[in-house]
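K.L.:
Residue numbers (the numbering used here), protein chains in the order written: chain E, 473 to 750; chain W, 22 to 380; chain V, 16 to 372.
Some clues are possibly wrong.
Stated by the list, open to error - A few chain W residues facing chain E, derived, Cβ under 8 Å:
no. : residue
1   : P109
2   : P120
3   : L136
As the list claims (entries may be wrong) - In silico lysine-lysine, DSS-like type, Cα no more than 30 Å apart, as pairs:
no. : chain 1 : residue 1 : chain 2 : residue 2
4   : V       : K40       : W       : K188
5   : W       : K35       : E       : K576
6   : V       : K195      : W       : K348
7   : W       : K188      : V       : K195
8   : E       : K669      : W       : K111
9   : V       : K352      : W       : K198
Simulated from the structure, these hints should not be mistaken for laboratory data. Remember, it's a predicted structure, so these values are computed and weren't measured experimentally. Glycine included, every Cβ here is placed at the ideal spot set by N, Cα and C.
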Amino acid sequence: MYKVLKATFITIWSLFVLFPIMWAITTSFKPESAVVNGATFIPFLEYQPSLIGWKAILPGPDSLTNLLTPTLNSFIVTAGATAVSLIFGSLAAYGLSRFTYGWKNYSNADIIFFFVSQRIMPPVVLAIPFFLLLKELKLLDTHLGLILVLTSGLMPIVVWLMVDFFNALPREIDEMAMLEGCNPIQAFFRTILPLSKPGLTVAGMFCVIFGWNDIFFALTLTATKVLTLPVAVIALNGTVTPYWILAASTVFSIIPLVGLAFVIERFLSRGNLGGAVR
Amino acid sequence: MSLILKNVSVTTEKDGVILDDISFEFKPGRIYILIGRTTSGKTSLMRAIAGLLPIDSGQITMNGEDFEDKPIWERDVAVVYQQFINYPNKSVLQNVEFPLLRKGLKKSEAREVALASINKVGLGDYLDRKPAQLSGGQQQRVALARSLSRQSHIMLLDEPLMNLDYKLREQLRVEFKELFNSQKDAVTIYATTEPPEALILGAEILVMHEGRIIQYGSPTEVYEQPQSTTVARVISDPPMSILPVSLSAGEIRFGDGYSQPIPAKMKNFKEGHYQVGIRANDIVSAKSGGEKGTISLVEVSGSETLVYVDTPAGEVVLQMEGIHDVKVGESISIELPGNRLFLFETNGALCVSPDSAGE
Amino acid sequence: MAKITLSNIGHSYNKDKDQSTWALKPLDMVWESGKTYALLGPSGCGKTTILNTISGLVTPHQGRLLFDDQDVTDVPTAQRNIAQVFQFPTIYRSMSVFENLSFPLVCRGWKPEKIKARVHEIAEILEITDKLGRSAVKLGADEKQLISLGRGLVRDDVSALLMDEPLTVIDPQSKFELRKKIKAINKINNLTVIYVTHDQYEAMTFADELLVMSFGEVIQRGTPEQLFEKPNSKYVGNFIGSPAMNFLPVEAKSSEIYFGSTKLKTSSAHTAVTGKAIEVGIRPEYVSLVTGTGENVIEAELLGHDDLGSVRVLKCVSGGFPISVKIQRNEGLPAGKNLFLKLPSEKSWLYQDGHLA
Chain E
473 MYKVLKATFI TIWSLFVLFP IMWAITTSFK PESAVVNGAT FIPFLEYQPS LIGWKAILPG
533 PDSLTNLLTP TLNSFIVTAG ATAVSLIFGS LAAYGLSRFT YGWKNYSNAD IIFFFVSQRI
593 MPPVVLAIPF FLLLKELKLL DTHLGLILVL TSGLMPIVVW LMVDFFNALP REIDEMAMLE
653 GCNPIQAFFR TILPLSKPGL TVAGMFCVIF GWNDIFFALT LTATKVLTLP VAVIALNGTV
713 TPYWILAAST VFSIIPLVGL AFVIERFLSR GNLGGAVR
Chain W
22 MSLILKNVSV TTEKDGVILD DISFEFKPGR IYILIGRTTS GKTSLMRAIA GLLPIDSGQI
82 TMNGEDFEDK PIWERDVAVV YQQFINYPNK SVLQNVEFPL LRKGLKKSEA REVALASINK
142 VGLGDYLDRK PAQLSGGQQQ RVALARSLSR QSHIMLLDEP LMNLDYKLRE QLRVEFKELF
202 NSQKDAVTIY ATTEPPEALI LGAEILVMHE GRIIQYGSPT EVYEQPQSTT VARVISDPPM
262 SILPVSLSAG EIRFGDGYSQ PIPAKMKNFK EGHYQVGIRA NDIVSAKSGG EKGTISLVEV
322 SGSETLVYVD TPAGEVVLQM EGIHDVKVGE SISIELPGNR LFLFETNGAL CVSPDSAGE
Chain V
16 MAKITLSNIG HSYNKDKDQS TWALKPLDMV WESGKTYALL GPSGCGKTTI LNTISGLVTP
76 HQGRLLFDDQ DVTDVPTAQR NIAQVFQFPT IYRSMSVFEN LSFPLVCRGW KPEKIKARVH
136 EIAEILEITD KLGRSAVKLG ADEKQLISLG RGLVRDDVSA LLMDEPLTVI DPQSKFELRK
196 KIKAINKINN LTVIYVTHDQ YEAMTFADEL LVMSFGEVIQ RGTPEQLFEK PNSKYVGNFI
256 GSPAMNFLPV EAKSSEIYFG STKLKTSSAH TAVTGKAIEV GIRPEYVSLV TGTGENVIEA
316 ELLGHDDLGS VRVLKCVSGG FPISVKIQRN EGLPAGKNLF LKLPSEKSWL YQDGHLA
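With the hints as constraints, model all of the structure from the sequences given.
P.N.:
Below, the structure is given as structure tokens:
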């Protein structure tokens, strides 16, 4: 009885959650007639699938807009911001986990809070200062500019996650590495970092998701040269665009993240988490 | 060519004084045992030598070289921890090779040395295993192999057998003894809380208490002439019974209880209050006479029976050979042979120790 | 307090068909109410599996578990009324000692006055009355472990007290005190206690009965005396006692037993053994030094000794086989290397293929 209830609940909930996505996917493959003449559901029977939506967003004779360039921009910006955040964020976190810093009454905990506090302010508050800053630095509408701004938002997440992760690794491991002839930097890169794959994966995943989905900073701090994918999709929305093209562009923009999710799921389930220190 | 500590002190905000003015010369080729309770400063002393704990004052030198300006990674100190610390992502072979490669050995040399020391600790068949796939005892052997292979001039072992099974501990103690004896130019320092371990490793014993070294000597010296009640407690297992006594008019009186003639060795002490200590195996249960008490607990350990007795003078633990049918709550008479008594001042300092038995 | 019956209980973590790989091989066992039992064996011998079966953390692959006459195999852990003390002290860090001890009673809806009375009663036994107001976090490991124990004791509905190596994190010097208290408590409360340990000394001093385990099987069950005096196998002889029992290979010739050329008398029937792989087992405690040859006396060479404080262990070799002898410190060390060792016949037993003949 309990099992049946559970199964029913899960089924209904999954339908509820997945329906909009399913709708977007099917719509992206529908021809004009199947969309405007009332709802259709079953492919081949009720409508003949077509690729006109997809052709419109990819380069070619039927192209309405080319989403590949924005995709490349999104890749560069996300990868750049993620890499910078992971490298500097984990180094900062390692320092905060293993050494004591302080000035008067301020200690490590306060520094960590300082990092995290950057996420407390709504992005709107930061938009104008960032705009002025990038303008002065001549970095408006550049990849580097956007990477720097995104990093300021992503690094706190990395620091926050990784401090906890490093705290959980026995201090004796890096102490031992130092006793065995590594200086602190070597100890970090040769012993701690290889053990931190699971933590780095999680932190990296957050960075990629937040970075890829960022729209606010991309909208305010870039114009034409560094048009990112979410901005391009939204731009389509603003004009009179047929539903099938909109649907195709939405599905297109989530494909990389779905792919990433599968890769990470593989990685996590392979049991790569085991470090097992007694 | 030795490790010298001069007036080393460490105080932390959290724990107060943890090392209190320690001066000692550790000579190469010898094994030094640090024994003391958990918070006596054994681990702190080792961490200070390794450089993991900064010292507030004093000086640590090795072969005349001041350690102050030497960072941890240049001190060449090998440490085996109580927890079995290995690099979890490296195989047994890689674990042992790692410090050798850091030291600048060629890949082939490192492999050779690593294999030799892995074979020495009996793990030759487990080269490719990850630490997590080994038992606790094997993991600790990997850690040991890693430390041995480096041939450091200073080797520190912090209760390395603490987390192992009882029988395994017995076995490794013996192996350790042999392995350490082969380290001719290294200072080996071994911390433990277990008196038998300290005595078996048969080396120089340093008794630590509250951040200080309170006695130093051979196992026999420390065991037979503990300089204070604190040392006597730390080095005795089962515990030494320590009772208040008074000396007067040719008699030694236990608490308010019974008295017996003063043993010959104590005749020259002036009358007054003292403490006596007696080891569990030196107390004799008597048919009559002696001190009377009530049995509060009986523990059987195979060939011996430990009996806890509440007497008017205080609690006494006696060890009887064989298994005895004694019950909790019964009364018992015990005799404290005068020639087996340690006499301590009321502040704990040793006045007289009994003659070493039969030698 | 309940009698605990294990009826054909066996467990395999990977549901293997082949019983020889099971973590716990099927066993029948009755544990009486009010007694203390020790499960003794090296890591991975199945002792923790038994404990988890009783507490309900593991549902056995086969067999039934009974508390008194009630089948509890499928009863969830929470309803079994088990009190458990783990290796590491489990305390509620935010609470005072008093709150820690009263927590199980508060959960059971006891009245405040009744709780207060009960907690004070238990605190009295544990000798921590003066610490009731303190924050539990600030206590030492031994006191924390006492509180973990106390939380099990305050309840009046406990069917069994399970202890899983509770003294691991305690100093040897404090261990003595703690061991004494735990033992006193067990006597007072008349609980059924199951104590898991790898330390033979702890097991011997604590328990009324010991169960020596290896690879998921109970090898021998008995009182400390029985296990010490007459181990049923070499395994038990090695595991119990420190140093381990001596085993010397011997030959049986027309129902006489010879070690080399020396004839030995033992307490086992000499007709019970034939052929090969026969050994005489004798405890190092019972081997004594004598001045010359005689009945059951063998010659040995002294190699060295271990100093254990009140006793010494002489390491000897006789006919190429090692033999250890435990002597009291006051006896002093023997002069010279060549010793005569007497193996009293009443303490010697014959073993064939590793088992008591």
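K.L.:
Taken at face value, is the distance from the CA of K348 of chain W to the CA of K195 of chain V at most 30 Å?
P.N.:
Holds, because 15 Å separates the two Cα atoms, which is no more than 30 Å.
K.L.:
Quickly compare the C-alpha distance for K188 of chain W and K195 of chain V to 30 Å and report which way the hint goes.
P.N.:
Given that 30 Å is the threshold and the Cα spacing comes to 23 Å, the pair holds.
K.L.:
Does K35 of chain W pair with K576 of chain E here, judged by a C-alpha cut-off of 30 Å?
P.N.:
Roughly 17 Å between the alpha carbons, so the hint for K35 of chain W and K576 of chain E holds.
K.L.:
Checking one constraint from the list: CA of K352 of chain V to CA of K198 of chain W, max 30 Å. Satisfied?
P.N.:
This hinted pair holds, its Cα atoms lying about 22 Å apart.
K.L.:
Just to be careful: measuring from the Cβ of P120 of chain W to every Cβ in chain E, is the smallest value less than 8 Å?
P.N.:
Since chain E brings a Cβ to about 4 Å from P120 of chain W, closer than 8 Å, the hint holds.
K.L.:
So if I understand the rule, the pair passes when the alpha-carbon distance is 30 Å or less; does K40 of chain V with K188 of chain W pass?
P.N.:
Holds, because 23 Å separates the two Cα atoms, which is no more than 30 Å.
K.L.:
Mind checking the CB of P109 of chain W against every CB in chain E and telling me if the closest is under 8 Å?
P.N.:
Check passed: Cβ of P109 of chain W comes within 4 Å of chain E, closer than 8 Å.
K.L.:
Would you mind confirming whether the straight-line C-alpha gap from K669 of chain E to K111 of chain W stays at or under 30 Å?
P.N.:
Within the cut-off at roughly 14 Å; holds.
K.L.:
With a cut-off of 8 Å on the beta carbons, see whether L136 of chain W makes it to chain E.
P.N.:
Given a least distance of 18 Å, the restraint on L136 of chain W is violated.
Hint compliance for this structure: hint 3 alone is broken.
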